[in-house]
Structure formats: structure tokens, C-alpha cells
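Peer 1: Chains B and E are the protein sequences, given in the same order.
Sequential numbering from 14 applies to the first sequence in the numbering used here.
Sequential numbering from 14 applies to the second sequence in the numbering used here.
Do not take every clue at face value.
Identical copies look the same in the list; a pair holds intra-copy or inter-copy alike.
[Unchecked claim] Below, simulated SDA-like cross-link-like pairs (lysine to any residue); rule was C-alpha separation at most 25 angstroms, straight line:
hint: 1; residue 1: LYS234; residue 2: THR319
hint: 2; residue 1: LYS150; residue 2: ASP97
hint: 3; residue 1: LYS89; residue 2: ILE226
hint: 4; residue 1: LYS267; residue 2: ASP106
hint: 5; residue 1: LYS234; residue 2: ALA75
hint: 6; residue 1: LYS253; residue 2: PRO304
hint: 7; residue 1: LYS89; residue 2: ALA228
hint: 8; residue 1: LYS15; residue 2: ARG279
hint: 9; residue 1: LYS234; residue 2: GLU297
hint: 10; residue 1: LYS234; residue 2: TRP290
hint: 11; residue 1: LYS89; residue 2: LEU66
hint: 12; residue 1: LYS253; residue 2: HIS53
hint: 13; residue 1: LYS234; residue 2: SER302
hint: 14; residue 1: LYS180; residue 2: GLY145
hint: 15; residue 1: LYS15; residue 2: GLN265
hint: 16; residue 1: LYS267; residue 2: TYR47
hint: 17; residue 1: LYS234; residue 2: SER294
hint: 18; residue 1: LYS253; residue 2: LEU100
hint: 19; residue 1: LYS253; residue 2: HIS148
hint: 20; residue 1: LYS299; residue 2: MET51
hint: 21; residue 1: LYS234; residue 2: PRO128
hint: 22; residue 1: LYS299; residue 2: MET238
hint: 23; residue 1: LYS202; residue 2: PRO304
hint: 24; residue 1: LYS270; residue 2: THR319
hint: 25; residue 1: LYS299; residue 2: ALA228
hint: 26; residue 1: LYS267; residue 2: THR158
hint: 27; residue 1: LYS299; residue 2: GLU235
hint: 28; residue 1: LYS234; residue 2: ILE293
hint: 29; residue 1: LYS267; residue 2: THR319
Because the hints were derived from the structure by calculation, they are not lab data.
Please read these numbers as outputs of a predicted model, since none were measured by experiment.
Number of protein chains: 2
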Amino acid sequence: MKYAIIGVGAVGGYYGGLLARHGFDVHFLLHNDYHHVMNHGLIVDSIDGDFLLHRVNAYASAADMPLCDVVIVALKTTQNSHLDNILPHVAKDGGTVVVLQNGIGVEQNIAQIVPGRTVVGGLCFLCSNKIGPGHIKHIDYGVVTLGEYTTGYKPAGITSILESLSKAFQQAGISVALSENLGEARWKKLVWNVPFNGLSVVLNSTTDQIISIHASRLLSKEIMMEVINGAAACGYNIDKTFADQMMNLTEQMKVYKPSMMLDFERGSPLEINAMYWQPISMVEAKGHSMPATRMLALQLEYFNETGQGQVRA
Amino acid sequence: MKYAIIGVGAVGGYYGGLLARHGFDVHFLLHNDYHHVMNHGLIVDSIDGDFLLHRVNAYASAADMPLCDVVIVALKTTQNSHLDNILPHVAKDGGTVVVLQNGIGVEQNIAQIVPGRTVVGGLCFLCSNKIGPGHIKHIDYGVVTLGEYTTGYKPAGITSILESLSKAFQQAGISVALSENLGEARWKKLVWNVPFNGLSVVLNSTTDQIISIHASRLLSKEIMMEVINGAAACGYNIDKTFADQMMNLTEQMKVYKPSMMLDFERGSPLEINAMYWQPISMVEAKGHSMPATRMLALQLEYFNETGQGQVRA
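Isolated chain B (complex conformation):
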């Protein structure tokens, strides 16, 4: 069984590193860091134990990679336009593509680029950063929730492919949860991601600051309810108390910068499409609207284009 890791950042570097460390046959597609990793290997500083992979199967071009049974897509969604050129080279017919990305809608796109492969969505609850070329720092957590994609995000159940992926990941020391309903799992994650990723950029604030002020706490909760209602329009019933659970979770997180705030401060493009426009268009296709989410998306587009993030950081 061959594994491909597309994108060796905080997510791909960590999970791919764990797989390689535990003896899996892993092939890494890199871009800027290719030469560095060829010469110096891949370093993972982890709360569960640091490790260095001296020799890494690194590639600068997908055309040089072998066909792999499991392709793990760990790019930022803002890089997804490259998948058209990458996936046909690495995703073996009959194999699996695992999408470890934010937002929703990407699986649909991948199923069109490489038909004949099983597409699995993965939601990472992971706190890690790339702190240098080929150098990942794993700070906390790491569980991956996997769900199989079917056309239109209809519930797929717990399939045998999910079970074998789970087994392999667990052998590599990765905690896995399985979801019968990828669409619901993605929408549940959006309940938190939509308010806090966007507001952290627009309000220039960490999540603890956002929930410490009455007005922005109220706004976060209102946006959560809008996402829950949006999910319902798409056929996923998320209990309204889930918003309270997410608020409680946010309280426990203390000082926290959502990924979009980190992207912004780094001057990287923001994942507005996968996290905002995709769910908005799914809800609009059902004849409903998400006005607050839409307004946040438009504000984020402004910040994305004018890029004030590095000045602020």
C-alpha cells in the first residue's frame, strides 16, 4: 500500500510524518520546501515525542510520483486549483483520496477530477504549525474524523474503506473517529468555523476576546444559529444546543487564534471559498439564505484583497 501526502504543512507534515515513522510507504509532494526536505529530512516536534525522518520520499512534481492507494490532500483549500494537475498522477484507480481540509464542497470537486476513486473527507482537530521548511510543531490534539463522501453528501454509513483507513491511521498513532454522515460532520465543524474564523480576522481578535464582549458573543451565537439553520435546509439536523456546546468549548480554549487569523497574519490567502461561499451556495440552492455568513464572507474578501494582516501581526 502506497500513501501520498499532497502538501507538507502543519497537517500533511504531521500526519504524513507519523505514517512514515511507523513504517508506511509514504510519498510526499512538496513545493517550496522540496530541496530542504531532500537534504535535511522532515522534523516533527510533538507533545507526544519529537522525531526526525532522515530519508523522505520527496517529490517536487506529481508527475514523478508513483500511483498511490491512499492520497491524502493536505493543501490549504486556496491551493486546490492545483489538484487538477496533481491527482491524476498519484491517485490510483480504485484507490482512495482523503481530504484533510476545512470547509465543505471539496470532495465533490475531487470526485469529478478523479472519478473511480473513493473520496473520504477528514476533519482534523489538531493544533500544529509549520515553523520552518520541513519542520512541524505539534502543539496539541490530533484526532481525525473520517467520513465517506457520496454524491450530494448523502450519509454513506461506516464503510469498509473507512474501517481500513482507521486501522492504518491508528497503527501510525493517529486517533480516528468515524462518521456515518460526512455532510453533517462538515456542517457541524462549520458551526464553529464560520463565526470564529471570520470574526477573528474582521475584529482582529482571538476567540477569547470575541466571546468576552457581549455584542460579539451574541453575534457569534447568532451566526452559529444561522449555520445550524443552513445545515437544516441542506437536510442535516444539528440540535440547537450544539451552539451552546460550541460556546462552552470556546470558553475552555482560552487564547486561541483560528487558522484564518493565522493565515491572515502570515499574508496567506484566506479559505473563504471552502468555508463561506460553498456552504452559502448550498443553502441558497435550497431556496434559503445566510445573510450574516454572506456579509462576513464579503468583509473577508476585502481583507483578503487588501491584505492588512501582516501590518497588524
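Use these hints to put chain E onto chain B, whose structure you have.
Peer 2: Coordinates of chain E only, in the frame set by chain B:
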């Protein structure tokens, strides 16, 4: 005829200064600048000609002021809680109170504080700043639109009080336009004020920057349409092409910082109540909603409380 000016900032200093300069009997209520103005007078640097008023009828307390026939309220709306204590001392029974403030709803409040006075709303199209104690810089424009207030902002027509006010103001070199319908005039001003005041703070940008990016230009226009629909819910029919007119006006204005952005950068409280919550509650009372305006208001409350403005400026 005695005139009172309540609040001697960019608005009250300029219009009050013009009235005093042209021989009207004007009495100024000051706060921080009282001693400075007593000792040094009031300076107005104006594109229409600079002038200095050596001797000014200045007061530090409303209790010391004479009852006046025309009381001009030129405080920021964020200071309006003081009007309860000020107006009964200066507003002569049977006289007139002119409200030169942003937003909507203030006239209603003043009519309750001093019943028996005619309340007139004034909308200033004025570009001026207070650049020091008792020192006003008039940069451009200056026309005041006056409309008489009636309960519930029903159209009052062009009343004799409006006509005599207009005559007096024009004798002082102030351009005046009269409105038969104060409610409509205030809503029309909100069509511009709601999007651009709020977005300038939230997006940390001047109006020319806001309209230069597709997403925020679209958002500004959408908020304008929401305000126009809100006005319609309250019984004021503003033509939908008015939004385009306002966009064109904004284009002609070039680099422009709305008053709320200036307040924010100064560390002053933001006029969120008069400019946002008042119109929102009027529309909600009619069974409609203004979701984008509401979201902007909540975001502004966050910035108002956390006060990042002086760091940015």
C-alpha cells in the same frame, strides 16, 4: 431672539460662530474648552474666510445660561444623556430646539425632555474639524437641511418656524435647505451613513478604499438597499436609484474618512445608537428586520468597547 449652542465642536463651533459673527445673540455651552474660550475666544478657520470671536458668551453650566428662543444641539449623540439636565435650563417654553446630529430618533427624545418646544431636525453636509480648544477648521461644504419634527416622524410640511429659522441662518451666511419630511430626510442620510460609517471602522478603510474592492462595494450597496427597504417599512419611499446616486457621490468624494472613523481613531465613543440601533428598532417595530445593519452594529459595539482605534490611527 437668543440662540444657544450646546456643544462647541466641529458643528456647533462652526454654525454658532457664524451666527455670533453676524450679530446674533448667541450663548455657548462648553465643557472642556470653557476656560480656553473665555480667555482666547473662538477661532474659525474657514474656506469662506477665517474669523476670530474675541468675546464669546461662554458658559460652563447650563444652569447659568439664559432661556433661549432657539437652542441648537450640536453634541455628539453619544453625549445625549446630558440633555436631560441641560435643555430644561435653556430651552424657552414656546421656543425651538434644533438638533444638528447624526442618525434618527433623537428628536423624539428631546420632545419628551422639553415638551412645549418645537423640535427641528437638522442634517449637516459639512466638512469641518475641531483642531484645538475653541479652534474650528472648516474645510468644505456647510449646507444644513432642516425639517420639523412631529410625533412618529410624520411629514410636517414647510412650517413658518422652518422659514424663520432658514431666514436667520441665511443671514449668518449658512446655506439652508428645507424638508417637508424630516423622517425621509433622516432615512436618506442613513442610506449613506449606515454602510460607510460602519464599514470604515470595521474594514479600517476610507470610503474610496471600500468602493475600490468588488466585495466591499457590493456589500455597501447591499446595505444601502437594506436601509432603503427599512425606510419603506417605516413609510418613507426612497427610490432604489438613490443607492446608485450615493455610490456615485462616494466616488466623487475621493479619500474620505466618515465621522465614525474619525471618532474611532480619536478614541471617542461611536454613535452606534443613533445611527444603527434606532433605525433597526424602528424597522423591527414594523415587523421587518435589517440583518446586515444589525451585524454591523454588533461589530461596531465590539470595536467601541475594545477601542483599537487609537492603535490603528
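Peer 1: For LYS267 vs TYR47, is the C-alpha pair at or below 25 angstroms within one copy, between two copies, both, or neither?
Peer 2: neither (36 angstroms within a copy, 47 angstroms between copies)
Peer 1: Up to 25 angstroms between alpha-carbons, please classify LYS180 paired with GLY145: within, between, both or neither.
Peer 2: neither (31 angstroms within a copy, 72 angstroms between copies)
Peer 1: Taking 25 angstroms as the upper bound on the Cα-Cα distance, should LYS267 and ASP106 be classified as within, between, both, or neither?
Peer 2: Answer is neither: 45 angstroms inside a copy and 57 angstroms across each miss the 25 angstroms cutoff.
Peer 1: Within a copy, between copies, both or neither: where do LYS299 and ALA228 come within 25 angstroms Cα-Cα?
Peer 2: The answer is between: 23 angstroms across copies meets 25 angstroms, while 30 angstroms in one copy does not.
Peer 1: Within a copy, between copies, both or neither: where do LYS89 and LEU66 come within 25 angstroms Cα-Cα?
Peer 2: within (23 angstroms within a copy, 64 angstroms between copies)
Peer 1: Can you give me the call for LYS234 and THR319, within, between, both or neither, at a CA distance of at most 25 angstroms?
Peer 2: between (28 angstroms within a copy, 19 angstroms between copies)
Peer 1: Regarding LYS234 and TRP290, is the shortest C-alpha distance of 25 angstroms or less found within a copy, between copies, in both, or in neither?
Peer 2: both (20 angstroms within a copy, 19 angstroms between copies)
Peer 1: Are the CA atoms of LYS270 and THR319 at most 25 angstroms apart within a copy, between copies, both, or neither?
Peer 2: both (20 angstroms within a copy, 17 angstroms between copies)
Peer 1: If the cut is 25 angstroms between Cα atoms, do LYS253 and PRO304 qualify within a copy, between copies, both or neither?
Peer 2: both (19 angstroms within a copy, 20 angstroms between copies)
Peer 1: 25 angstroms Cα cut-off: does LYS253 pair with HIS53 within a copy, between copies, both or neither?
Peer 2: neither (49 angstroms within a copy, 63 angstroms between copies)
Peer 1: For the identical chains here, do LYS15 and GLN265 meet the 25 angstroms Cα criterion within one copy, between copies, both, or neither?
Peer 2: neither (39 angstroms within a copy, 61 angstroms between copies)
Peer 1: Under a CA distance limit of 25 angstroms, which applies to LYS299 and GLU235: within one copy, between copies, both, or neither?
Peer 2: Classified as both: same-chain Cα gap 20 angstroms, cross-chain 22 angstroms, threshold 25 angstroms.
Checked against the numbered hints listed earlier, the structure breaks hints 2, 4, 5, 8, 12, 14, 15, 16, 18, 19, 20 and 21; every other hint is satisfied.
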